[in-house]
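**Student:** Here is how the chains run, residue by residue.
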Amino acid sequence: MPSLLSFPRISRRAGKVWYRNLEVFIKTWKVNFFPPFIEAFLYLMAIGLGIGSYVGSIEGIPYVNYIAPAILAIAVMNSAFFECTYGSYVRMYYQKSFDAMIATPLSIEDVIAGELLWGATRSVMYVAIMLPVLAAFNVISLPASLLVLPLAFLGGLMFAGIGMCCTGITTGIETLNYPAFRFITPMTLFSGTFFPLALMPVILQYIAITLLPLTHLVAAMRICTLPAFSATIFLNLAWMAAITLIVCIVSINLMKRRLIV
Amino acid sequence: MSHISDVIAAADLKKTYGDMTAVNGIQFTERKGEIFGFLGPNGAGKTTTMKMITGVSPKTSGTLLVLGMDPDHHPAEIKARLGIVPQETNLDPDFTCHGNLTTYARYFDIPQNEAEKKADELLEFFQLQDKRDVSIDKLSGGMKRRLILARALVNTPEILILDEPTLGLDPQARHLIWDRLKLLKAQENIVVLTTHYLDEAARLCDRLVIMDNGKILVEGSPTELVKKYVGEEIVEVENTREILTCITAQKIPFEIFGDTIQIVTTSARDVARTLFENCQPKKMLTRPATLEDVFLKLAGRTLKES
Chain A
1 MPSLLSFPRI
11 SRRAGKVWYR
21 NLEVFIKTWK
31 VNFFPPFIEA
41 FLYLMAIGLG
51 IGSYVGSIEG
61 IPYVNYIAPA
71 ILAIAVMNSA
81 FFECTYGSYV
91 RMYYQKSFDA
101 MIATPLSIED
111 VIAGELLWGA
121 TRSVMYVAIM
131 LPVLAAFNVI
141 SLPASLLVLP
151 LAFLGGLMFA
161 GIGMCCTGIT
171 TGIETLNYPA
181 FRFITPMTLF
191 SGTFFPLALM
201 PVILQYIAIT
211 LLPLTHLVAA
221 MRICTLPAFS
231 ATIFLNLAWM
241 AAITLIVCIV
251 SINLMKRRLI
261 V
Chain B
1 MSHISDVIAA
11 ADLKKTYGDM
21 TAVNGIQFTE
31 RKGEIFGFLG
41 PNGAGKTTTM
51 KMITGVSPKT
61 SGTLLVLGMD
71 PDHHPAEIKA
81 RLGIVPQETN
91 LDPDFTCHGN
101 LTTYARYFDI
111 PQNEAEKKAD
121 ELLEFFQLQD
131 KRDVSIDKLS
141 GGMKRRLILA
151 RALVNTPEIL
161 ILDEPTLGLD
171 PQARHLIWDR
181 LKLLKAQENI
191 VVLTTHYLDE
201 AARLCDRLVI
211 MDNGKILVEG
221 SPTELVKKYV
231 GEEIVEVENT
241 REILTCITAQ
251 KIPFEIFGDT
261 IQIVTTSARD
271 VARTLFENCQ
281 PKKMLTRPAT
291 LEDVFLKLAG
301 RTLKES
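Chains A and B, in that order, are what the protein sequence lines are. According to my numbering, the first sequence is numbered sequentially starting from 1. According to my numbering, the second sequence is numbered sequentially starting from 1.
The hints are all genuine.
Capping the alpha-carbon separation at 16 Å, the derived lysine to aspartate or glutamate pairs in EDC-like fashion look like this: (1) A:Lys27 to B:Asp94; (2) A:Lys96 to B:Glu88; (3) A:Lys27 to B:Asp133; (4) A:Lys96 to B:Asp137.
No lab work stands behind these hints: they were computed from the structure. The structure presented is a predicted model; accordingly, all values stated were derived computationally and were not measured.
The task is simple: from the sequences and hints, build the whole structure.
**Tutor:** Printed below as a string of structure tokens:
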């Protein structure tokens with residue numbers, strides 16, 4: 001049995017799987033376009049203006065501006081993670097789409113790579129729709145904030161890989177709820193999203209920095225949207241790149257193990 | 001020995017899953033321009049064999065050549081020239097009939113305009129042109145099956161592999177599919193199918209193998225196999241004590257299957273007359289021997305599913 005870390009052979013055909021998902025997405029664009037739009041709006045209203053009016057500012061930054069990158073990073077996480085868990089699981093198990101695809105020159109590695117790229121693309125699209133809303137509210141600064149688009153791709157690929165690892169080992173669609181509420185929900189709250197990491201006990205700060213991927217995505221995005229350049233962005237990027245590479249490789253091998261017997 | 005006209009050749013082909021041996025050292029060759037069948041009860045190893053041929057499941061040991069290549073090493077090259085009809089319906093519910101075919105064609109690197117033309121041709125070939133722009137959940141079971149068959153032909157394959165192509169279809173749909181398969185065969189394609197419908201195998205296959213427990217029991221043409229393993233004709237009468245005593249007295253060899261007594265003979269008419277004159281059966285049936293008789297004789301009459 002090949003190791004979980006063996007490098008998968010992916011061909012350019014992965015792009016065809018990506019394109020198939022894009023086609024379906026475009027056909028249902030109305031359903032896909034509004035959630036990010038509305039979500040950005042709701043966050044800004046509730047947390048930004050509501051809570052923000054009490055909090056005022058954090059570290060000298062208006063509270064709404066402080067959480068704006070977190071809204072983006074959480075969107076990146078959710079869209080890629082849920083696309084590559086529930087979305088991919090439905091395509092794999094209920095629609096048997098992967099079985100149909102691997103009866104063509106596509107290999108299972110191509111199929112999963114295409115799904116991962118698609119997950120990352122969803123993140124970029126989500127962020128691209130949210131950005132104008134945030135810009136309109138004047139809570140992010142341009143043009144530096146445009147850098148969150150490539151960041152969304154990297155972060156999206158990372159969370160797509162994490163999601164696909166879950167899909168690779170889940171026993172059914174119900175058990176996908178576990179990573180969602182044990183990992184994704186706490187991360188949404190404790191990754192330096194709505195309040196600085198420094199407010200937490202030191203041990204939790206270490207956990208957030210070493211283990212929670214969202215911490216690095218939020219930090220990197222915040223550097224871009226404020227903008228407040230800091231060399232720590234390179235650490236954030238390196239951490240994310242390494243984790244992305246690992247989870248993507250492992251997820252492809254897990255799915256191969258699951259589907260090719 | 002493999003031969004140039006052998007499109008698929010297997011020798012000592014094995015597949016094990018942990019302790020379970022699904023395919024246990026089988027050998028077969030399939031040639032150009034023939035319909036080749038794999039018959040056998042559920043769990044005989046037919047689907048596993050198909051999966052190895054299509055490069056979806058790696059073999060455990062032995063040799064397997066498809067179009068002169070090993071599916072474990074050249075899956076993409078082989079699959080580019082295969083058309084695969086799976087047992088389970090796995091059409092893409094996010095597309096229409098036409099969309100299913102063109103999307104699938106893209107996986108084979110077929111240019112868009114060519115794919116669109118081919119898709120329309122195939123929809124017509126399978127009498128689905130009226131459903132061109134219909135979502136696939138609006139199709140009947142027979143239509144879905146036909147669409148899957150059409151999908152398997154988008155890349156104009158040299159080998160068409162079908163796993164239970166007519167499972168659960170009504171007679172009209174089955175006949176339509178059979179006609180199409182015969183047409184494809186006539187175009188020098190090779191068609192490989194698994195089935196447990198024996199009438200289907202008898203009607204379609206030039207040659208077939210019967211598998212059980214991962215092994216090939218027999219190989220030959222349907223008529224050869226019937227003649228060799230059963231005989232020509234069969235007389236069936238009800239199983240009562242009087243008839244049993246009578247047949248025994250007449251020294252006619254017979255077999256008992258539940259409530260019927262079966263007599264295999266070269267002349268059903270003579271046996272029937274003897275029985276009528278001597279035993280007065282209430283019900284009697286004479287019929288030619290079929291592949292089903294061969295199958296039941298070789299694979300046994302007990303249920304195979306464990």
